[in-house]
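Engineer: Quick note, the sequences are listed as chains S and V, same order. Sequential numbering from 1 applies to the first sequence in our numbering. Sequential numbering from 394 applies to the second sequence in our numbering.
A few of these clues could be false.
Derived SDA-like pairs (lysine to any residue); straight-line CA-CA distance at most 25 Å [stated by the list, open to error]:
#, chain 1, residue 1, chain 2, residue 2
1, S, K209, V, D415
2, V, K694, S, P140
3, V, K694, S, A62
4, S, K209, V, R431
None of these hints come from the bench; they were simulated from the model. Owing to the predicted nature of the structure, the values given are computational and were not obtained by experimental measurement.
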Amino acid sequence: MERIDDRPEARLALPSAEPIRLVDRSGGRVPGAPVPAPDPQTLARLLRAMVVGRRFDRQAGALARQGRLAVYPSSFGQEACQVGGALALAPADWLFPTYRDCVSLVARGVDPVEVLTLLRGDWHSGYDPERHRCATQCTPLATNASHAVGLTYAARRKGEDVAALVLMGDGATSEGDAHEAYNFAALWNAPVVFLIQNNQWAISVPVRKQSAAPTLAHKAIGYGMPGVRVDGNDAAAVHAVVDQALAEARCGHGPTIIEAMTYRLDPHTNSDAPQRYRDDDESEPWRERDPIDRLTALLRAEGMVDDAALAAMAEEGERLAAQVRDRLAEDEAPDPESLFAHVYATVPHALARQRATLRDELRGEPDEGPLGEPGAGLPAELRGGAHDELKEV
Amino acid sequence: MELSLAQALNRALRDALREDPDVVVYGEDVGPLGGVFRVTDGLTAEFGEERCFDAPIAESGIVGTAIGMAMNGLRPVVEMQFDAFGYPAFQQVVSHLAKMRNRTMGRLGLPVVVRVPYGGGIGGVEHHSDSSEAYYAHTPGLTVVTPAGPADGYSMLRDAIALPDPVIFLEPKRLYWSKAEVGAPARTEALDRAVVRRAGSDVTLLAYGPTVPTALEAAEAAHADGCAVEVVDLRSLAPFDDATVTASVRRTGRAVVVHEASTFGGYGAEVAARVTEQCFHYLEAPVLRVGGFDIPYPPPKLEHLHLPGVDRILDAIARLQWESGWTPGAAPGGPAGAGPALPAARSTS
Ligand SMILES: Cc1ncc(C[n+]2csc(CCOP(=O)(O)OP(=O)(O)O)c2C)c(N)n1
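Only chain V is shown next, with the shape it has when bound in the complex:
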């Protein structure tokens, strides 16, 4: 059946609530309204106030009570209404949620899922478009995942709820309405795997969440210019799937990480470092990062200038020290191995 990402996530919550009486869903406006993005639409009507309910506006309390519930057998799935509104809960997430298993010598695990709509591109005013993944991924003990489409949305949320450890479940909000065929209740790849979305032999684009469709578009554009781009959807930011990523980059010899977040100290820095460590002798060029600028997320009228688009990705590919100087827009025939023909510079647009 064809579902949007928001609908697929709704489906996953519904199936989890049906199958496991210990699952509870709560957060701000997730009850009768169905959440501001409608991800919890209809759940209170179907499962009652006991299982899906509105919390007071208190993010720290939401995560704190979820920790308590999980200490006593429930599997809470809580929502932070927007990325930046998850910050009041940061202490509970970092000091307790992430550490409880460790602090208790493994006696107490916390199967809590914190759902966070994240990222920009929806014309939101300030505080509604942050990419907060690096804060979470930096915190040992948290599993941080992000689907880039409806099929993964369903499967990854089901897996996240089933996991015995806390999961920060990042939902790319600008993809909420994008539709695809979903075989729910079918599962896609395992929660901790990266997946090759498009095969290519010249360069690997490493993307996740909102930038996966952009990376695929860039790959298509580069293909027209004779450059075969492989696109890996990281899916799991922590833990990191070194095996899939390393195999890809060793094959292509070039890599670019693409994310929306500011580049400095961003998640891409970790990816670039790991890839360099694992693939040094296979690399033809430094691993590059493409991201947002190192600025606070801009207002709606300027966000398109900040977000990495196809052109910024193609420019990065062009800087990968092609011996024959590929630039986007080059003639077909393209790069070949270590001595490629030219991908051509961005067409003036």
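Just chain S, with the same shape it has in the complex:
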């Protein structure tokens, strides 16, 4: 990431062979890193968000195993990527997460229960994207990437200083949508950072079967933007690299692809069967690179946290987990009529009729057929036939 001149082309160096690392496995600082380390307060915030995030993640996993969530794709082992990325964003910036990235949403301050709305099966997305500046969690792979480019385009038009962080998996980079978004971003000089969490696996498929590129970060060069590799289990490094890429993006130097090297310690979701495709001992070395242990060691060694501070973080995690458990235990069923409420800005007549059909069904009454209550209708000035009541003839 080191640059000797300010011309945009100067950013187009090949990614370093070794991922950027600021903190080594035993918690020592790595000398000579090309990005400045976050300040002590930021490091403490990163640790806190990872501790709380992991506790949330473990709680959600348990709820999935108990059948209280429909499914849960775990963030376990990837906390440094999700927290390091989310905390690098300014309040006005946007996050574009995937199904994998619940911890990043919690780190960004979204209510954990609202985060779980999707996976609990209550609705497709539980939080207000605008309020939190977090797009919906994206399941169709790589399709969120171009949204970020468009959103920042609009921001620029409106004179807003907004950058965006797109989270995506290694497997998602194979999709055509990823390539199109990278191209748009570079072409439009969009203030977008693509953070690829290379957790080595896409369900059962290892990354070597996704791409013949030397690294996923190498792909960036072909689009005309820089590609950077970072140790994805080093929260300080992820934060620093994302922070710098966002700063570059903001001052008009365009997008960056960051490949964070990490590992999916858990199955793809609670319904996956990893014993079919990978050996257990493969994950052992990754457990030793635990992102929380590493940052804890650094902060302790440098006297930036003590036992009391660590206990307080753990305590906060416990409180959050308890809150999630309690609030999910209430388990109110979603309102059946919500099915029809948000398909269009106003409910067209035909849909209102179907809502009446469902009401009849729920009351155990026979469905009356095609004539029913009228829809609420469009605002009067827009109203056409579709919102008119059917006249009985």
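Since chain S is already given, all that's left is putting chain V with the ligand on it; use the hints.
Structural biologist: Positioned in the frame of chain S, the structure of chain V with the ligand alone reads:
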């Protein structure tokens, strides 16, 4: 032997791979994992990476490469992991796969099978439960079929692989685990035929894939109320078996199409139109459609409200202008010809 639908499909792929060296199977996670529904379980182990392998996550590329393979003598069978994840491949399917024979004046046919697990009822979060059949069936050049049980699963997949044209092979995912006796490698009816699953003289239910068992359940319930329901399993959505369907509806004089997909512009609209065209003078009532509501597929906790169940089907039957006003729950004796006794309204439940 007793097999689940998933096992029967696995059997079909295995037998096809054994018998024809040109068959290759690929897609996302179909290798060592055996597919997320285990339909390709064990195939890489038995036939090697050359014949059954994992593709990068790129549906358009998967179908595009399959087209290229078929242009040069292979018979690819590719998997879209879930219905909604087949959409990135839509351009390849519609603009090339479906049209190649036509564009080349018949010189180049594409024997490609695209397997698509489809439909809901498995508690899947968004994008995992779409019924995408109408998009495909609307596209000339595609053969679109859907088995509703293990015996057909085996037979229809074998036939689909043998066909010289592209097939969209829709697998009702909520029936993957339902078991039945399968005489593999025996074949059932021809790929393009609809089949009468239950005979009845009062009304015809036209169903396919995931709604066939529901239609049969509804027929049983109506039978208890004195209404004799015939159930036709369409099997082949394109081409459409007009002969079987027309014969049935002309006999019964009433028809209801049942599918999971949203009703508006759905496949049922085509069926209703055809039946009306073919059977107008035999019909005692308009052909009705029973389907999902015209809404995006709901989240897991609400999907049961959306999916057409027995009651919604019985309500539709009750609206078929029975002269004596049949409603589900009516006394036995039931409808007879054009002037039936009452099928009775749904029991309050
Ligand atoms: C367009 C599309 N195709 C297929 C899928 C099914 N699918 C869900 S997750 C997944 C693997 C994704 O791997 P990766 O991008 O590496 O992310 P990870 O799950 O490892 O975080 C697949 C194939 C999908 N969600 N979207």
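Engineer: State for each hint whether it applies.
Structural biologist: Hint check:
no., hint, result
1, K209(S) <-> D415(V), "holds, 23 Å"
2, K694(V) <-> P140(S), "holds, 21 Å"
3, K694(V) <-> A62(S), "holds, 19 Å"
4, K209(S) <-> R431(V), "holds, 20 Å"
The structure shown violates none of the earlier numbered hints.
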